[in-house]
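Undergrad: Chains as they are written, first to last, in this note's numbering: chain P, 1 to 278; chain R, 279 to 607.
Treat each hint with caution, since some may be false.
What the hints assert, rightly or not - Listed next, the in silico BS3-like pairs over lysine-lysine satisfying Cα-Cα at most 30 Å (straight line):
{"id": "1", "chain 1": "P", "residue 1": "K76", "chain 2": "P", "residue 2": "K265"}
{"id": "2", "chain 1": "R", "residue 1": "K528", "chain 2": "R", "residue 2": "K359"}
{"id": "3", "chain 1": "R", "residue 1": "K528", "chain 2": "P", "residue 2": "K265"}
{"id": "4", "chain 1": "P", "residue 1": "K76", "chain 2": "R", "residue 2": "K528"}
{"id": "5", "chain 1": "P", "residue 1": "K76", "chain 2": "P", "residue 2": "K149"}
Honestly, the hints are just simulated from the structure, not real lab data.
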Amino acid sequence: MYALIALGYTMVYGIVRLINFAHGDVFMVGAFLAFYSVEKFHLPLPAVFALAAGGAALLAVVIEWVAYRPLRNAPKIAALITAIGVSLFLEYFTALHQVFGPNYYAFPRPFQVVSLEIGGITVTNIQGVILLVTLASLGALQFVVYRTKVGRGMRAVSHDAVTAGLMGVNVNAVISFTFGLGAAFAGIGGVLYGIAYPQINTFMGVMPGLKAFTAAVLGGIGSIPGAVLGALIMGQSETMTTAYLSSTYRDGIAFVLLIAVLLWKPTGILGKARTEKV
Amino acid sequence: MIFLKNIAKAVLPFAALSVLLQFLSARGILNPYWVQIFQLACIVAISALGLNLIYGFTGLFSLGHAAFYGVGAYTAALLTKLYVGAYGDEAVIAVGAVFLGSLLAGGFAAAFLAFLVGLPTLRLTSDYLGIATLGFGVIMKVLFDNADSLVPQLGGARGMTGIARMTGIPWAVAALVAAILVIRNLVHSTYGRALIAIREDEVAAAAMGIDTFRFKLIGFTAGCAFAGVAGGLYAHLYTFLHPSSFDFMKSFDVLMIVVLGGLGNITGTLVASFAWIFLLEGMRVALPPEYIEFRWVLIPLLLIVTMLVRPRGLFGVREFPFLRSKVYR
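Same shape as in the complex, but just chain R (with noise of 0.2 Å):
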């Protein structure tokens, strides 16, 4: 019962706003401009979770996260769209379940890859191992060019289209919920703190008795899973992908998401994902047509700045209260 409790106590904030923001857009009030942008803020903070736990909590250095999210989101986009293919419209029944099915599937996918990648390339150390996943980066984007060669539903370099519009602010806020949840309790697990061991001193926690390899490994393949269940709700919000979202520089946006925020802290990396889309497409409104290609030029210099005024991001090890360990901190 305590359990049901927490969680319903977690969830219910959640639930509300959810509830709210529908209300609002459907009546109109809210921009649908800005509600899609909302959603793209929760499925971006999911990514990031993913990479705080693997770059954060475990301290593997990995470049390579938009490929899995990528993957993710090409699985699920295709599932979908085979199945809405296989029976047309009659498919509108049980599509909220092939739509979790597919997430699910989409997160797997990446998972199982970063099981098969991380097995060899996570016996290498620090930067070596961000160059290894970085080229896997754009391997993937070579490859996701060129799918359409072996499966033709996937596009190749055109472009993948035609994916059912299905992610919806309900389904956004749930999955973000469910991620945040894991993750909180995943680090705050034993398994959790074998991961922060790993971080911390590799050698030493070896020495603890901690097999480093499979953590490692189980870190890095969660993680991944969280960028491929992002994917798959990208997937079904734009209803159209296309290889050049998954390209290296994107794996650098959720990096720089992440390390804003602050490494290891889970309250900064939902802050700076939520900050950096809505400044994003907010320096979009805000400043005047002439001006627009003045964004991307602002945006670096506001993150040397930030960088250089909190070297260790901007929450450093500070955390929301219910995110917080009962245990020890």
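Isolated chain P (complex conformation) (with noise of 0.2 Å):
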């Protein structure tokens, strides 16, 4: 799960140089519509998850073209002040009493949890589910990124925007596409969490956007199977944690992983190195 977020990050810097915050807002917003779709209108799952996915693309382009178009040319800080501010405004703004409202919700199981126990390990359907709809996001997004033409378009507009631009990509739509793709899977995402912890409220998006972050950079931000692999390595250090130290050093775990990585390679396990040039 952390993946699928961690997946968004990683796209929107990768080409436009942001980081931005404003992502674990979107997933948050993911959740909050799935459980709409569930709890009130009782849509099947896959509508749930289209509609979800579909929603927080649509909030991200709308983002990206009131916030941070107009911030392109400016000193890279604004943009990422103006993430804070997007990222600080949705979880207010869905928090009023009129939009989503401050309390916690109770995500409803939208099928039946069965239990498998297969050599001693037990394993969930919720796990099973989670577990295939990320290997199919990941294959998506594989087949987007090198099968289609707009994935041309988005791998030559993070090597070198202008040069992409004059080649005749058409620069902004590329970078709004990357945007609601990036946001579409932290949608899938937002669904998932709120079928595997079944509460959900609108500051869910603070820590696992944080943490999905530090996975895109643990994994070497810029780069789509880094992502992947931060976000396991995390998931998984923060399970030991819990499982053999404290659940109370769990936040703590991710970050003492991350600066240890940072120092052994300062650009992520799978980052290109970039030499700065005069």
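Starting from the two chains in their separate frames, assemble the complex, guided by the hints.
TA: Structure below.
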């Protein structure tokens, strides 16, 4: 699940070099969309995923258009601060009583939980669904990035936006598409989160967002396999800490790991070193 | 003599302001709540000046400022608490000196920690440094949460209580003036010019013979010392510390202040700190109670609009006259 959120971060950063702090909140909106579609409209599960992904993508494209595009040529920090602003806005706006409300909501289980025991390891069908959806999303992403025209555009813009523009790539459209695609994965991640930990509120995006970003950096930001690898390491280390140390140290361990890796490889495990040119 | 005259010229208006405010609040003309907010604004301004030195002048992207603020707060609070605990009521006699000492100790603790953290992490560049310091901030928050298992007085996740109330208007204003003077003189010294050179172009600065790593470490350590002192003042203003006051969102608050005011701009940082705090609290009063939660909806909107209209901060590179360098500009 971290992997799905981390993908959005890494794609956006790879293309516009912006830490999109609002990404965790897009994830939250995805979870809430799923919540309403299950609770109020009793939609089937595939429709829930489609709705959450679509809604999150739409939101991200709007955010990009309103808040980030005017700052494309401004100092990088201005866009970063705007991203923090957008993040705070989404959190507190959706916490208003008129929108989603500040309470915790119980996410309804869309299907019965079944546990299977395979060779001493207990696997629930929830974990199975999460694994399947994540793998399917990764496959889809791999296809989009390496097999389609817009994917070629994304790779070109990430390499050199100005030259890509000269070569006839519609840079703005590609960036919008990237934001939308990343957000769609966050939306799917939101649904999975709701299924796995059946309690959601409007601030739920903060910590997963931060950790997913850390996972992306850990694996080497801008690299898609890196984001997945980072997310796997992150998830494992957190589970291990909870199991063997104490859950109070859980939030810290991920960052200890991050700093250790950054000191060893300053651009992440699968990141490419960029030499500073004068 | 000229030196003393300059100091006096800079300090006197602030001293007069401090006396006036103290007088008004003693007479009950000023609401104690607003007096407290004013002191908080001074404290935030000190911390923000520190971050401005780190990010605005030296160009080191730090997202862990609140952690150093917290270290200063806990250190200073623990020292005064131990002192008061040891001497009880007789403690009153030397308490001012002890308070000053513990503030400085808080600043020193933050600076020492910054030195230790900076040694490995300052070799990282731009965003990676930001993430590493952000991570450090989260780690420190976890440590604050679990601090009571090591030192029971620190309170851990339940919060630290029973800190003597020491910070008053004179302390807050004096500390702020001292911070402004130190940072102004530092920025316009050879050290400051080296820091700015690193911000502008690290490779070129190194080619001009600046030991960039050493100066980055100096800038980072000094900036964090400001945060430590500010944290000590904060602890003795509210007499209660909780780890959630030092989480990474607080680092973002300070960062927003510095960027809003304009990077590398002392005037901007000062104005933005006061505007930020008074805006937050003013809206608490101005908005009708049923709309109080709109506060945090309006503030980010205001932030986004400000950034879209003035991407280089409110003040850009313009400074108040007394903060300008006499040599150039």
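Undergrad: Next step is simple, just say for each hint if it's right about the structure.
TA: Evaluated hints:
1. A C-alpha spacing of about 24 Å is found between P/K76 and P/K265, which places the hinted pair at or below 30 Å, so the restraint holds.
2. For the proposed pair R/K528 and R/K359, the alpha carbon gap of about 25 Å is at most 30 Å, so the pair holds.
3. With a CA separation close to 29 Å, the supplied pair R/K528 and P/K265 stays within the 30 Å bound.
4. Proximity of P/K76 to R/K528 is assessed by CA-CA distance (about 21 Å); at most 30 Å being required, the pair is judged to hold.
5. About 28 Å separates the Cα atoms of P/K76 and P/K149, which keeps this hinted pair within 30 Å; it holds.
When the structure is compared with the earlier hints, no violation turns up for any of them.
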